[in-house]
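Chemist: Given the sequences, and given the hints that come with them, work out the whole structure.
The residues making up each chain are set out below.
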Amino acid sequence: MANSDHIVLLDYSVSPFAMRVRLALAAKGVEYLIKEEDLTQSKSSLLLKVNPVHKKIPVLIHNGKPVCESLIIVEYIDEVWKDRCRLLPADPYQRAKAKFWADFIDKMVYPSGYKVWAANGEVQEAGKKEFIDRIKMLEGELKSNPYFGGETLGFLDIAFLPLYYWFHTLETFGKFSIEAECPKLVAWGKRCMEEEFVYTSLPHPHKVYDLVVDYKKKMGI
Amino acid sequence: MGEENKVTLYGMWASPFVKRVEIALKIKGIPYEYVEEDLKNKSQLLLQYNPVHKKVPVLVHNGKPIAESLVILEYIEETWKNGPKILPEDPYERAKVRFWASFIQQQLLDSLVSAAKSSGEAHEKAMKEAFEKLTVFEEGMKGFFPSGTPHFEDENIGFLDIVLCSLFGPHKAQEEAHGLKIIDPERHPLVYSWVTALNEVPAVKESLPPHDKMVALIQFLRRNAPH
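Here the protein sequences come in this chain order: A and B. One point on numbering: in our numbering, the residue at position 120 of the first sequence is 120, and numbering is uninterrupted. One point on numbering: in our numbering, the residue at position 117 of the second sequence is 117, and numbering is uninterrupted.
Calculated from the structure, these hints are not laboratory results. For each residue, glycine too, the CB sits at the ideal point set by N, CA and C. Careful: at least some of the hints might be erroneous.
[What the hints assert, rightly or not] Derived list of chain A stretches under chain B, where covered just means 3 residues or more per stretch with a C-beta under 8 Å from a C-beta of chain B: (1) 9-16; (2) 73-86; (3) 200-212.
[To be verified] Below 30 Å or equal to it, Euclidean Cα-Cα: the simulated DSS-like pairs (lysine-lysine) are: (4) Lys-43/A to Lys-125/B; (5) Lys-213/B to Lys-28/B; (6) Lys-64/B to Lys-184/A; (7) Lys-65/A to Lys-81/B; (8) Lys-42/B to Lys-205/B; (9) Lys-107/A to Lys-54/B; (10) Lys-56/A to Lys-128/B; (11) Lys-81/B to Lys-82/A; (12) Lys-85/B to Lys-28/A; (13) Lys-43/A to Lys-128/B; (14) Lys-40/B to Lys-129/A; (15) Lys-81/B to Lys-43/A; (16) Lys-107/A to Lys-133/B; (17) Lys-133/B to Lys-43/A; (18) Lys-55/A to Lys-42/B; (19) Lys-49/A to Lys-125/B; (20) Lys-181/B to Lys-128/B; (21) Lys-56/A to Lys-117/B; (22) Lys-133/B to Lys-35/A; (23) Lys-49/A to Lys-142/B; (24) Lys-43/A to Lys-142/B; (25) Lys-40/B to Lys-107/A; (26) Lys-143/A to Lys-6/B; (27) Lys-136/A to Lys-55/B; (28) Lys-28/B to Lys-6/B; (29) Lys-64/B to Lys-136/A; (30) Lys-40/B to Lys-136/A; (31) Lys-143/A to Lys-42/B; (32) Lys-49/A to Lys-133/B; (33) Lys-65/A to Lys-133/B; (34) Lys-56/A to Lys-142/B.
Modeler: Okay, structure coming up:
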């Protein structure tokens, strides 16, 4: 069945949501085609067709069937290609913890991060403080493990890793050091970056910064 | 109930998030202890079990706390393997159910909460948005019921049913409090017949918050909303 699978990802290289999906596919060794959407231009008819509700990337199209929402896609990938590189742990309580923290990233960390790179003045300052406070909570979850998944990279590592790739961008716009506040988290990020499936899937953090500068300029942010 | 399988749910009587966990526990036939929280004066235990969000619901299973209602539902499904399944087996069907549950949770609920907490022009704007989202949901759901009408003879309700009825089950109370139709059988016939059918399922019916108490609470929240 694997050889006749047709997989397309509607993507945007610097989107942290799309990055999660690329990481999951690479972790599982799944081959796929990338269709890059230009988010600074009007949306393609394909995107509007496969995600009419939110009109957003990423969308994974598996044998013609679209799956939307990055964490839902990652879980889908884990369930379909369940014979290799398990992303979510087997134990229900550990799974619940991983999903809880992934939800926390979406609900609490991303909105703060947005204030850091897209806003300025007081809003940005508030965003910086919020961001650090919230990622510190996540840092606590690492405990003494090399990864959030324990001995190997798992669901929560994949959920958070794109944001680590954005640290340099946030630090440059926010004029602050994340490493000074969360050294353990930065050590985790560097450790993940050494994995081949990671560095081949994601643009280098400095490249992320260049892309975000370009995006901001084009969108007038 | 032996110590090997102690289940406690920390909740609040009007919370749709808590309701969905209650309904899931009932559907699965899981005995549990319920603890009502005063949200203006949260217990030490709640703050200890959910230090991140400090919210209900929290399910505590053999001393281990799980928070976030949708995460709790999946935990219940995975832990108690006997009894009815609330998620489909097929990964694509599961992804669709999770997508729409997330839509109800993030999009629909947000608009309704904005409407509940506002008045005047802001309230009208929020309600208009909520109706538009309901229409998107109605359209999206047409594929889920090939025969047209939802019906649940064996109490065979699933993840999406639970998320929907936890939010809209008390729609009559919501409508009385707001003085307008939220689930209009003419605008959204599928959602209307779906919610009505779900409210007849015993596990759902038993969990419905008392009508008058609900009306009073919503009206109180509206009166005390910041302008």
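Chemist: Given the proposed pairing of Lys-49/A with Lys-142/B, does the C-alpha separation stay at or below 30 Å?
Modeler: At roughly 17 Å apart (the allowed maximum being 30 Å), Lys-142/B and Lys-49/A satisfy the hint.
Chemist: Between the alpha carbons of Lys-107/A and Lys-54/B, is the straight-line distance 30 Å or under?
Modeler: Holds, because 14 Å separates the two Cα atoms, which is no more than 30 Å.
Chemist: Closer than 8 Å, Cβ to Cβ, for at least three residues: run that test on the segment 73-86 of chain A against chain B and report holds or violated.
Modeler: holds (count 5)
Chemist: Does the structure keep Lys-55/A and Lys-42/B at a Cα separation of 30 Å or less?
Modeler: Violated - the C-alpha atoms of Lys-42/B and Lys-55/A are around 40 Å apart, more than 30 Å.
Chemist: Within 30 Å, alpha carbon to alpha carbon, are Lys-49/A and Lys-125/B?
Modeler: 28 Å, holds
Chemist: Is the Cα-Cα distance between Lys-143/A and Lys-6/B 30 Å or less?
Modeler: Status holds; Cα separation ~27 Å.
Chemist: Hint check: Lys-143/A vs Lys-42/B, CA-CA at most 30 Å. Holds or violated?
Modeler: 28 Å, holds
Chemist: Does the alpha-carbon distance linking Lys-43/A and Lys-128/B stay inside the 30 Å limit?
Modeler: 25 Å, holds
Chemist: Between Lys-81/B and Lys-43/A, does the CA-CA distance stay at or below 30 Å?
Modeler: 43 Å, violated
Chemist: Going straight from one Cα to the other, do Lys-49/A and Lys-133/B come out at no more than 30 Å?
Modeler: Satisfied, since the Cα-Cα distance of roughly 18 Å is no more than 30 Å.
Chemist: Would you check the hint for Lys-213/B and Lys-28/B, treating anything up to 30 Å between C-alpha atoms as holding?
Modeler: 28 Å, holds
Chemist: Please work out if Lys-65/A and Lys-133/B have their alpha carbons no farther apart than 30 Å.
Modeler: 23 Å, holds
Against the hints set out earlier in the document, violations occur for numbers 1, 3, 15 and 18.
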